[in-house]
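There are 2 protein chains.
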Amino acid sequence: MIELNQQKPGAGCCPKSRGRNAAVTRQAILDAARRCFAHEAYDQVGVREIASIAGIDPSLVNRYFGSKEGLFAEVVGAKFDLSYLFAGEQATLGDRLVRLILNKTPKGDGHDPLVMLLRSSSCDVGREKMRDAILAGFVTPLSARLSGTNTRERAELVGSILMGILVYRTIAGEAAGQDIERQAAVAAPAVQRLIDGE
Amino acid sequence: MIELNQQKPGAGCCPKSRGRNAAVTRQAILDAARRCFAHEAYDQVGVREIASIAGIDPSLVNRYFGSKEGLFAEVVGAKFDLSYLFAGEQATLGDRLVRLILNKTPKGDGHDPLVMLLRSSSCDVGREKMRDAILAGFVTPLSARLSGTNTRERAELVGSILMGILVYRTIAGEAAGQDIERQAAVAAPAVQRLIDGE
DNA sequence: CGATTACTTCAACACTTGTTGACATGTCGT
DNA sequence: ACGACATGTCAACAAGTGTTGAAGTAATCG
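Heads up: the sequence lines are chains A and B, in that order.
Letter by letter, the first sequence follows residues 5 to 202 of my numbering.
Letter by letter, the second sequence follows residues 5 to 202 of my numbering.
Hints in this document: simulated from the structure, not taken from any laboratory.
There may be inaccurate statements among the hints.
One copy or two, it doesn't matter: identical chains are merged, so the pair holds either way.
[Unchecked claim] Under the rule of at most 20 Å between Cα atoms (straight-line distance), these lysine to aspartate or glutamate pairs were calculated in the EDC-like manner:
| # | residue 1 | residue 2 |
| --- | --- | --- |
| 1 | K72 | D183 |
| 2 | K133 | D116 |
| 3 | K72 | D47 |
| 4 | K108 | D183 |
| 5 | K133 | E178 |
| 6 | K72 | D61 |
| 7 | K108 | E157 |
| 8 | K133 | E44 |
| 9 | K133 | D200 |
| 10 | K72 | E185 |
Make the full structure from the sequences, and use the hints.
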């Protein structure tokens, strides 16, 4: 249950709640869904919950997105072009990747698609999308940029480490270390060594 | 849906299906549940599915284990004393840990409690148990055995890496590299370096 | 202004879920 | 062998799910 000041339309400020605007409503649903999927897995989130937060009727979800799965696909399927990460110089790539993940901590808003996808990766719907994202969007392009031996295994391990950090922080929650600087100081060199290849 | 030759009692070999034995029935439920939770997350598995595989009535699950959650706790809560891993010499600990995880691949039976727990870690029920297992059962004891600086962060990262490898192999499935030797050759030194502390 | 369209609301469907209690049946001690 | 208890079966409940179609209402255009 996500706490939220979900004012029922007709009770409070705006007298006309919201004008009948398809684009606005659609976006409201999208935002609410993003919010929910960021905190709970696909199965845990109900259409009624999303609708309640968006302040609309549950049936509108189906009207605008066909189905709950369609909504999830649109929320999460924005695109996963992570190749921009590899743009900078490779000598500091490890540090950049680690800090990117550490800042994706699901503690905050966590509206990040990757976090949402990872959270829902235990459901059938999310797993396939997650696989594509991690393989085609990260491991393969990274592997292509590495030199030396075992490039595929090294790229896979880098992806595994980054995902592992995310999962650990999700599961451990408050019990996980909070000092991002110290964590980065430990993790970044380990990742960089895999990128450099010894 | 887990395919299985679930012969209805009274159709086939044993004429009396199975004598009324509480211990046997209990174990049958336990086995069926292990089987299910190894393939799907807690939420995905239904009591009726477990009962069907075990060849018993769904209500017996509640009779013997109080609730579905009680059954899950008994299946997964065997115990998580991973300290035996740290018994051997520390110079080869990285290699042992990595190989342990690589052999836990969910491809096979995957009856491993850790895999099941990780798979159900997106549900509320599994997350708390997983947190205890990973923190009290691994990170804390490992951290105590490390020397040097940032022992806590290093232990956390080792845990994250191992979990990450498991998650990656779960998600990537067949697309993940199959050559365990090459993966171990890449991952083990990285982990070992964290254990040694540079 | 009136009619058509776009948008929203409501109520219900069909289904699954975990759980419960009443009833039937097998097993075992006396 | 009979009674007492343990064990198994059956049907149903209450709550939740995603989804659907009809009816109502605001906005738009001729």
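For each hint, the structure was consulted:
no.: 1; hint: K72 <-> D183; in the structure: neither (38 Å within a copy, 38 Å between copies)
no.: 2; hint: K133 <-> D116; in the structure: within (15 Å within a copy, 25 Å between copies)
no.: 3; hint: K72 <-> D47; in the structure: both (10 Å within a copy, 17 Å between copies)
no.: 4; hint: K108 <-> D183; in the structure: within (14 Å within a copy, 31 Å between copies)
no.: 5; hint: K133 <-> E178; in the structure: between (28 Å within a copy, 15 Å between copies)
no.: 6; hint: K72 <-> D61; in the structure: within (13 Å within a copy, 33 Å between copies)
no.: 7; hint: K108 <-> E157; in the structure: between (24 Å within a copy, 18 Å between copies)
no.: 8; hint: K133 <-> E44; in the structure: both (17 Å within a copy, 17 Å between copies)
no.: 9; hint: K133 <-> D200; in the structure: neither (29 Å within a copy, 37 Å between copies)
no.: 10; hint: K72 <-> E185; in the structure: neither (39 Å within a copy, 42 Å between copies)
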